[in-house]
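Engineer: Here is how the chains run, residue by residue.
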Amino acid sequence: MNHSEHTRTAIESVEQAYRQRQAIDAGAAWLQPLRDRAIEAFTRRGFPTPRDEDWKYTNLTALADASGALLSVTPSVADADTIDELLRSLPINAADCAMIFVNGAYRDDLSRQPDAGTGIRITTLAAADEATRGQLRDRLGTLARVDEQQLTALNTAFMSDGLAIEIEAHAHPKATIHAVFLSDQQQASYQPRLLIDAGEHSRSTVIEYHAGRQAGWTNAVTEIHCAAGAQLSYVKLQVEDDAADHIATQQVRLDADSRFHAVHLDFGARLARNDLTVQMAGSGSQAALYGLFLADGKRHVDNHTRIDHLAVDTTSVENYRGILNDAARGVFNGKIIVHEGADRSDARMSNRNLLLSKTAEIDTKPELEIYTDDVKCAHGATTGQLDDNALFYLRARGIPHALARRMLVRAFAREIVAQLDEGAADLAEYIDLTLERRLPE
Amino acid sequence: MLNIDNLHVSVGGTEIIKGLNLEVKAGEVHAIMGPNGSGKSTLAHVLAGRDGYDVTDGRVEYNGENLLDMNPETRAWHGLFLGFQYPVEIPGVNNTYLLKAALNARRKFNGEEAIDAMQFLRIVKDKAKMMQIDQSFLKRGVNEGFSGGERKRNEIFQMAVLEPTLAILDETDSGLDIDALKIVADGVNALRSPDRAFVLITHYQRLLDYIVPDHVHVLANGCIIKSGDKTLATQLESRGYDWVLAEATGT
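Protein chains in written order, with this note's numbering: chain A, 1 to 441; chain B, 1 to 251.
Where hints are given, some of them may not hold.
Computed from the model, here is a short list of chain B residues facing chain A with C-beta under 10 Å [unchecked claim]:
(1) PHE84
(2) PRO91
(3) LEU98
(4) ASN143
(5) LEU162
Stretch-level coverage of chain A by chain B, calculated; a stretch enters the list once three of its residues show a Cβ under 8 Å from a Cβ in chain B [claimed, not checked]:
(6) 155 to 162
(7) 204 to 216
These are calculated hints, taken from the structure and not from any lab test.
Backbone N, C-alpha and C fix where the C-beta goes; we use that ideal spot for every residue, glycine too.
Required output: the full structure, derived from the provided sequences and hints.
Structural biologist: Here it is as structure tokens:
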């Protein structure tokens with residue numbers, strides 16, 4: 001088959017899976033018009049191919065070929081012990097609010113709703129009441145770009161449930177909000193959808209988790225809106241099974257004087273791809289994007305970020321660090337666009353990568369596009385190995401070689417770990433342990 | 001304790017050490033002096049086990065064992081310590097954590113239990129005080145933001161905590177003002193004991209005013225060309241190296 005035949009076949013099998021799904025029961029019937037529009041958008045272009053500049057290094061051909069079959073599978077009941085073990089492996093404070101999805105379905109029995117009076121309102125899409133549906137209908141897809149991003153269209157076409165989190169204006173909930181997506185199925189696909197609305201002058205922390213056992217395929221979409229003056233700390237932790245595929249898109253819009261602080265942590269999956277887009281639409285808004293990714297074996301991890309400075313006095317800081325071992329492959333593409341009129345914008349971007357083996361690879365590409373004069377921009381990317389001098393110094397003090405390597409890798413990751421705010425502090429130790437587990441003796 | 005016999009070392013095909021002999025007994029302090037490029041730092045690095053040095057001939061015995069067969073950490077577990085000429089900065093690796101991990105690795109090697117946390121903190125506090133190292137330094141990354149002099153003091157502080165059997169101090173005196181030099185010397189003198197030996201590699205005699213050596217050797221062109229007692233250092237200070245070199249070549 002040539003490229004276009006591949007594309008055609010994949011589109012047909014996705015369409016077929018879509019019809020089949022509708023015939024059984026797609027869930028949350030009120031989402032149907034959105035889904036119909038989305039499948040139409042998807043079929044216009046199909047899956048991205050390596051000929052798309054944004055997908056040059058991440059090849060979805062195998063996934064596209066399998067997509068029809070994966071999308072046709074009706075999620076089954078999860079194994080209780082596996083899910084229990086997965087949940088306990090995650091650093092979720094028992095007192096916090098945690099909304100848990102298993103194999104695509106919301107699990108009330110495992111979840112903990114927010115306490116009353118904390119200013120947090122959470123609804124699942126499937127259980128939304130009539131009034132909420134109206135609001136959500138207006139909100140869903142206003143940030144996510146169904147017409148431009150094929151995987152967002154696919155998520156929208158196949159979404160059966162999802163989570164809408166709203167932080168009321170001026171609310172400062174103490175508890176962290178955990179949105180947890182777990183899976184344990186061998187041949188299945190999940191299309192999690194998450195909406196986060198941070199109300200005016202609210203202050204909150206939301207952590208999105210994706211963890212799984214077995215080789216499933218997750219295609220997640222998260223839409224985040226920070227209203228004027230809102231402060232949102234958002235963390236995404238991806239610890240999928242090493243045989244799983246994970247694709248995630250986050251669309252963020254920042255209104256005036258809001259502050260968005262994100263930490264992306266990628267430690268699992270055979271193929272992981274993140275697309276984070278931040279639109280700095282309001283003057284004085286601030287974005288801080290941090291990322292830490294680790295891949296070993298033959299795993300592939302790709303982080304694409306895009307920051308649009310659309311208004312005056314906007315500030316963005318970005319710092320991603322990658323650790324690659326064995327024959328793993330990493331990709332970082334950070335794009336900053338300072339649009340006309342976005343005067344006094346300040347953008348700084350840095351990507352540093354650590355290659356722990358001769359066969360590990362990274363493709364890094366920071367990009368700046370500037371359409372105004374009055375800006376401050378800086379960007380840089382470096383790739384290197386562990387510092388031999390530091391390694392010898394530690395060993396000369398009596399630190400065994402393997403431990404010395406781990407200490408230096410952890411030190412490399414520390415700059416990102418240090419960015420976790422108070423609400424996500426439990427993750428620091430979790431990351432240390434994950435790095436330790438991933439870097440064997 | 002340390003027996004170096006006819007040691008030949010090459011770096012990238014160039015012979016740097018050319019048949020060096022040295023015997024260090026327990027309780028002794030040896031000073032190795034010599035002009036720049038004579039092979040002093042190469043000797044220190046070879047003894048500590050750094051990669052990139054080819055030992056082409058000779059033997060190094062340490063307490064009866066073949067030192068050259070051991071990797072750097074095993075040498076440390078056997079009680080060898082190298083004080084670096086240029087201590088490296090390692091942001092993100094905590095000073096105290098490094099010392100605890102180093103101590104415990106050696107204890108494990110010796111079949112001992114991990115050190116008691118309170119006991120460890122007490123040792124660290126005492127030794128830091130002795131080396132006039134501010135407590136806040138202990139919480140920082142290894143040598144992170146330290147001045148040259150602070151790094152050297154930190155080397156001796158680490159040595160004091162790790163209590164090695166044989167310490168090789170590579171130009172620990174360079175870049176120190178007189179006050180820092182005294183602190184470093186006091187730290188070394190406090191550790192002198194009948195079961196411990198020191199090899200001081202230095203360019204200048206002034207360190208030896210404060211740490212009085214038992215033996216002084218002149219290393220030039222990869223060999224020890226003259227050995228003597230502490231008076232040799234004073235002679236070198238006043239007359240330079242030329243006369244020793246001339247004597248050695250018989251001109």
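Engineer: Determine which of the earlier numbered hints do not hold for this structure and return their numbers in increasing order.
Structural biologist: Violated hints (numbers, rising): 6, 7; every other hint is consistent with the structure.
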